[in-house]
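Colleague: Each chain, letter by letter, is given below.
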Amino acid sequence: MPYNSIVLVKQVPDTHNIHGDVMKDDGTINRAALPAIFNPEDLNALEMALQVKERYGGAVTVLTMGPPTAAEVLRDALYRGADRVVLLSDRRFAGADTLATSYTLKCAIQKIGAFDLIFCGRQAIDGDTAQVPPQTAEKLGIPQITYAETIVQLDANEIVVARAFPLGKEIVKCTLPCLLTVVGSANQPRPPSARKMIEHKLAATPLEYNTLLSQWQEFETEEKLDAYLAARNLKIPLWTADDLAVDANRLGLNGSPTQVYKVNYVVLETAESKQIPANAEGVAALMQELVKEYIVG
Amino acid sequence: MTTNNDIWVFVEQEESKLADVSLELLAKGQELARRLNSQVCGVLCGARVEELAETVIHHGADRVLLADHPELENYRTLPYARVASDLAREHRPYTFLFGASPLGRDLAPRVASALQVGLTADCTDLQIGDFESKKEKRVYSDLLYQIRPAFGGNVIATIVNPNTRPQMATVREGVMRRRDPDTSRKGVIEKIAPTFDARELVLQVLSRETRESTVNLKGAPIIVSGGAGIGSPENFELIRELAHILGGEVGASRAAVDAGLISREHQVGQTGTTVRPRLYIAAGISGAIQHRAGMSESSKIIAINTDPHAPIFQIAHYKIVGDAAEVIPMMIRAFREKAK
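Chains as they are written, first to last, in my numbering: chain C, 1 to 297; chain D, 1001 to 1340.
Calculated directly from the structure, the hints in this document are not laboratory data. Keep in mind the model is a prediction, meaning the values are calculated, not measured. Hints may be right or wrong, so weigh each one.
[To be verified] One-sided excerpt, in silico: chain C residues whose CB lies under 7 Å from chain D:
1) R91
2) G95
3) T129
4) V172
5) V260
6) Y261
7) V283
In this text, a Cβ means the ideal position worked out from N, Cα and C, and glycines have one as well.
Please construct the entire structure, taking both the sequences and the accompanying hints into account.
Modeller: So, in structure tokens, the structure goes:
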């Protein structure tokens, strides 16, 4: 039987590749030097959803909340095989902590409609909290299976999942619908398909029409562009707070109980530092010093 | 609803053994409770775990809320979340602390979402202090400061929950010091009789296997760590060899773990293990904050990296600008020479 899946994804700064140019001398971060990427474990979640679709049928809908540029990860999802994508973007969503984020996602998921499975990455590499998926599952009133590595069995209304922890494994059986958070060891995400990239090259949210019009002047007006994209299923839906049945007090900064009291730019520095030449003599002298000071040996 | 200043700790147990992180939290809880003139309360769930309640008291709880029920035998999100949420709703403690373990990271967000309160993940310190809200033009006194390294830069953020109770946080294992049990400590044990409805029992655990870690990063006096700059599994063998001859443990950055060079239990840093060895050798590690925050208190740090601007050099006592795959064999040779 076919299963309808929703995949929650996030565009994140690539915190895995912090190089010298990113850190300023005062300890602050040059964010512009960090590229925005598809959160790595969200790609594993998308891959798991696509494999379910290929095996059993059904549709894969990818949802993200973020600034207008987050449309990039949605296009990437289309290139990899998602059937439908939705961007949640609104200034009123901004400044959301994990509680407000999960509330907004819950409202959007309810608008999407019936689903069997929700897939999320285990955690995002910018905050590393892993909180949004369980918080969303709670708000939807459905069970969650975190640290999912393999779908062992999917049969009618029941799923068997192998969970992988740093120090152990667990096999659980659960009824649908449920939410899974997927670990990086689950699979090797497929690359974007060249054919799908060509098909979806123009896929855009209304927030990107201005940019598209400057590149493709033949469309003349936003209305003509919108009609063209909509007719070819290339219009990425943009949902704002007005499109969702929401309590505005639970969105964004207003709906976030946590507040950042302060941020310390700690410049971790050592008082004394020695440069050791990268040659046999330099290294030998260093090892000798360590032995002499009883640090090794 | 009554409010109070009590510090609650969710006490994790597996097969009747209390988790280290829970014992660390009980010790920290005592410190916070002294500051607030309040009590530490442990929430203990399981099946046939009654005898553990006394141990929880010995480690710092003044009171234990004990939910002993056959459905709580194995950890499962929904029944555990039901017990924890109901108790927190009824008693509205000042704070509710969880370990940032796989269990705590599964359970705490579920509970926080049900209670609609704030939750801070992966704290490395907790303190009590005042918070001045400029927006509301008022001062909140004695809030829980939830301190954690944040965002991929070199920053430490202090988070507060001014208006919601309990103030919830998960705390990393190994960053707080546990205390030796005091068997003369006395406390109150209150038994809870939870009931569950069928919707909370839809998940079954078919099998579960856990293993003891063979890696002892926390206690290692010397750690040799490799990063993505090591390049290949073959080069990573050099890291193992150096660690072996120095009598140390093998560590790794998250990038090396993600690249599949080594298993996750070797990971040092904010999302791995926090370490304070006598000597830390960082080879091919650029030094993202997640990593540096987890090893910056090492007594001596040697960094080897081809990028002279790599952040790891800011905290290194000895800097070697060069390819770790060439430098490590030199170190191995030099140490063997010394040993002769």
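Colleague: Evaluate each hint against the coordinates.
Modeller: Results of checking the hints against the structure:
| no. | hint | in the structure |
| --- | --- | --- |
| 1 | R91 | violated, 17 Å |
| 2 | G95 | violated, 12 Å |
| 3 | T129 | holds, 4 Å |
| 4 | V172 | holds, 5 Å |
| 5 | V260 | holds, 6 Å |
| 6 | Y261 | holds, 5 Å |
| 7 | V283 | holds, 4 Å |
The structure shown violates the earlier hints numbered 1 and 2.
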